[in-house]
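Asker: Please work from the sequences and hints to get the whole structure.
Chains as they are written, first to last, in my numbering: chain A, 1 to 463; chain B, 464 to 918.
Worth double-checking, as some hints may not be accurate.
What the hints assert, rightly or not - Interface residues of chain B toward chain A, partial, derived using beta-carbon atoms under 7 Å:
hint, residue
1, 681
2, 768
3, 856
4, 875
5, 879
6, 881
7, 884
8, 885
What the hints assert, rightly or not - Now the in silico label distances, taken between C-beta atoms and shown as ranges:
hint, chain 1, residue 1, chain 2, residue 2, range
9, B, 751, A, 38, 32 to 40 Å
10, A, 210, B, 884, 54 to 62 Å
11, A, 412, B, 737, 41 to 49 Å
12, A, 327, B, 884, 23 to 31 Å
13, A, 215, B, 915, 39 to 47 Å
14, B, 714, A, 46, 48 to 56 Å
15, B, 740, A, 404, 18 to 26 Å
In case anyone wonders, no lab produced these hints; they're calculated from the structure. Just so it is clear, CB atoms sit at the ideal spot from N, CA and C, and this is done for glycine as well.
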Amino acid sequence: MKNICFYFQVHQPFRLKRYRFFDMGNDHYYYDDYLNKHILKKVANRSYLPTNEMIYSLLKEYEGQFKVTFSLTGIFLEQLELYAPDLIKSFKKLAETENVEFLSETYSHSLVSQASPEEFSDQVNLHKHKIESLFGVTPKVFRNTELVYSDQIGEQVVKMGYDTMLAEGAKHVLGWKSPNYLYYNVLNPKLKVLLRNYKLSDDIAFRFSNKSWSEWPLKAEKYQQWLKNTPKGEEFINLFMDYETFGEHQPVESGIHPFFENLVKLVIKDENMGFATPSEISAMHQPVAPLSVPYPSSWADEERDLSAWLGNEMQKEAFKKLYSVRNLVIHAQDSDLAKDYAYLQASDHFYYMSTKFFADQSVHNYFNPYNSPYDAFINYMNVLSDFIIRLEKSTKRIRFQGTPLEELSGETLEAAIHSYEGILKELKKRRVTGKKTDSAAASRTNLPKLASKSTLKSKKEKN
Amino acid sequence: MRVLMFGWEFPPHISGGLGTACYGLTRGLAFRDVDVVFVVPKAYGDEDQSNVELVGASQVPVKKRTIQFSEEVESHQGNRKDRIDKELLYLEIGSRMVPYLSPEEFEHFIRERISGGDLKWTDAFERVVPKKATVSETMGTIDFTGKYGPDLMQEVSNYALIASEIAIEHDFDLIHAHDWLTYPAGIAAKNVSGKPLVVHVHATEFDRTGENYNTIVYDIERSGMEAADLVITVSNLTRNIVVNRYGIDPAKVVTVYNAVEKGEDKLSDPIRKSVDEKVVTFLGRITYQKGPEYFMEAAAKVLKHTDNVRFVMAGSGDLLRKMIRYAARLGITEKFHFTDFLRGPEVDRMFALSDVYVMPSVSEPFGISPLEAMRSNVPVIISKQSGVSEILNHAIKIDFWDVDAMADAIYGLVNYESLSSMFREFGREEVENLKWENAALQIKNHYLKILNPST
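Answerer: Set out below in structure tokens:
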């Protein structure tokens with residue numbers, strides 16, 4: 001039996017509006033509502049809605065035989081709630097058939113796995129709750145943004161309670177090995193890894209309507225033969241792609257929908273073929289070998305790495321600055337700030353800053369609101385600067401001699417430690433006689449007071 | 464292949480972009496094995512006069528020189544070194560036509576030569592012009608403070624007359640003329656020789672004057688373009704003007720972008736900035752076409768929000784005084800500085816002191832100065848209304864009127880460190896790939912097409 005595993009990624013970011021430096025401190029709304037609504041509605045009408053309908057009728061017609069998998073990002077779902085509630089209903093209808101699996105991922109479609117294990121875990125949980133509340137199912141298989149995977153990320157994912165994760169079957173990762181087997185994480189064998197068959201996936205996702213492709217026009221019969229002709233022992237094929245493949249990347253006129261319908265029918269008619277979801281494949285098969293991916297791989301571009309998001313200095317500066325304030329966001333306990341922080345993490349913002357494809361901008365220009373990566377960077381940094389101003393106001397940042405604690409170094413850092421140690425000693429003395437307080441509450445409420453100038457001054461005078 | 468080229472200026476006397484482009488192109492053509500007879504008008508001479516001869520009935524002095532190009536050139540494919548070895552026949556013709564640019568600049572040019580202790584301009588000229596020469600009678604009487612006077616037109620037609628003499632004397636396959644003052648010369652040479660004519664448009668009358676254009680100049684430009692077998696424009700922006708405003712058949716108008724000479728590290732002593740703030744520079748003529756007021760308005764916006772920056776407006780022009788008053792009115796004079804006219808080494812010095820270069824031109828056929836800035840590792844902000852914006856990736860492009868966008872770009876470059884380092888990393892490399900050898904190859908291929916239309 002050869003099982004076909006179709007998984008579709010569905011995501012749209014909250015694109016930023018034009019935000020000038022002189023807006024900082026004045027304007028705290030960052031998003032281009034008109035553009036976001038316009039793009040979402042356009043793609044919904046051309047792609048999401050008709051494709052959902054097609055998939056729904058296939059699920060009904062071949063109940064229990066046809067199965068598909070989706071991963072919907074949290075910020076995509078938020079946009080549906082705002083601009084296309086019909087589509088939420090439509091996905092719910094798919095979920096009710098019980099032949100649709102939903103995957104777990106980061107809420108924001110972020111690259112947080114490269115920055116902070118704590119925030120990574122928080123984002124995954126946030127996403128899990130969103131899926132649970134909307135569709136009544138708990139995702140069991142994890143997929144990271146852009147299929148970013150490395151041994152270390154896999155290890156973190158196990159700690160979050162998952163035993164299966166998706167990754168790209170990149171050439172530089174697999175070498176001669178086939179993606180049509182189950183592998184396991186080299187650091188923690190508990191984690192099974194499903195790999196994307198990039199050749200067969202991209203035949204549909206990228207090449208389907210390309211008239212200069214030698215296989216054009218691609219018919220379902222031919223494609224089914226390709227699937228069927230994979231070597232005997234290979235019992236499943238992972239076809240992972242963006243959901244926008246249907247009707248957007250491959251236009252409706254290319255016949256992508258009838259192709260898919262026919263393919264589903266042919267696979268079901270074939271006694272030796274069927275459909276499965278990632279969790280089913282994970283349960284059915286044993287991993288054959290360890291997979292070693294010391295450096296992060298992804299499903300993007302020729303390089304299948306992170307260079308489209310974190311390749312140049314601008315991207316690195318913005319990314320570093322974004323995650324440098326994570327603790328402040330936690331400390332602030334402010335739902336507006338938390339929401340903005342989630343939206344600002346979307347990987348798309350970093351993608352727009354990529355200078356990789358000045359020669360070939362076709363892919364990068366897709367839904368890209370900026371003229372150039374420089375433009376994208378300046379706009380993002382302006383927004384992020386305002387966000388940080390708000391954050392600092394909100395948390396009344398603790399300072400030592402005028403410098404925020406996070407930025408202390410060298411002698412001033414030593415001086416601060418010395419000073420605080422003195423204060424702590426004083427406080428501990430009091431604990432013996434005074435009554436016990438809730439320690440967490442104490443640390444949160446007392447810390448700002450500790451740093452107030454008068455306390456520090458009096459301390460100094462004593463010294 | 465041999466080209467009779469009517470160009471402008473040659474080292475050591477280069478005062479503007481036109482001369483720089485002519486020199487670069489000639490050098491590039493030498494690399495591509497094209498022979499050039501290079502003809503320039505020259506109204507002063509502090510060099511050796513021994514090989515001056517007189518041409519034709521008008522008794523105009525002509526100085527003949529041969530210039531030897533001999534240098535190693537880095538090849539574009541890999542590290543292979545190529546050589547240029549070529550002799551150029553260089554003819555200087557006594558004429559007081561100068562690369563016009565602006566009346567303002569012309570005045571400066573004259574004043575500097577006199578005050579600089581050089582020979583007086585008229586003296587210099589008289590040395591090469593025999594007393595009986597008719598040309599000398601028009602000396603010093605040309606009114607160059609307003610529009611182009613009739614005397615200049617006299618010069619232009621005299622020059623054309625000499626051009627036809629030169630065309631009779633020399634052997635060549637085609638004619639190449641740079642900008643309108645030499646178009647009549649090109650046409651005359653074509654008429655006497657029957658060889659094809661290429662005119663090279665570095666700027667049009669619309670770029671220089673906006674809508675108040677001089678109809679005589681316009682007519683000369685148009686007749687040159689019409690007589691030409693091929694019109695080369697320095698950008699698609701200029702190509703559109705040639706096609707739409709001059710009504711030239713688009714089939715014979717092609718764009719060949721300018722390049723830049725490889726940067727020499729001219730500054731012998733490293734320049735140290737004397738101010739802590741970032742320096743944002745405007746460098747060019749202070750005229751309507753260069754958009755100085757947009758720069759100033761952007762500066763005012765930036766200064767309202769950040770202290771860490773100073774602005775410099777370097778150059779001279781008819782709007783200078785107005786700009787100084789404007790700065791006072793905006794209340795930014797403490798951080799906004801004027802330098803007046805800068806020359807050669809001072810320009811390099813200014814680039815070395817700058818952290819951001821802004822070219823907010825309202826209309827710029829090409830615009831070589833941002834490339835010079837990038838070559839000095841200075842990030843640039845350029846208007847989309849410039850030809851150079853068509854070929855640059857590593858520059859911030861804004862509409863000249865979009866003061867908010869300009870201010871935002873300046874703020875970004877001053878405050879977000881990685882942005883400048885990106886430009887330093889990629890900008891210089893991008894500019895150094897704009898080679899005259901490549902532009903010359905394109906032009907040579909166009910020559911070949913004209914000479915062998917069937918192939």
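Asker: Confirm or reject each hint.
Answerer: Tested hints:
no.	hint	in the structure
1	681	violated (34 Å)
2	768	holds (6 Å)
3	856	holds (4 Å)
4	875	holds (4 Å)
5	879	holds (5 Å)
6	881	holds (4 Å)
7	884	holds (5 Å)
8	885	holds (5 Å)
9	751(B) to 38(A): 32 to 40 Å	holds (38 Å)
10	210(A) to 884(B): 54 to 62 Å	violated (38 Å)
11	412(A) to 737(B): 41 to 49 Å	violated (29 Å)
12	327(A) to 884(B): 23 to 31 Å	holds (27 Å)
13	215(A) to 915(B): 39 to 47 Å	holds (42 Å)
14	714(B) to 46(A): 48 to 56 Å	violated (40 Å)
15	740(B) to 404(A): 18 to 26 Å	holds (24 Å)
In summary, the structure is inconsistent with hints 1, 10, 11, 14 from the numbered list given earlier, while agreeing with the others.
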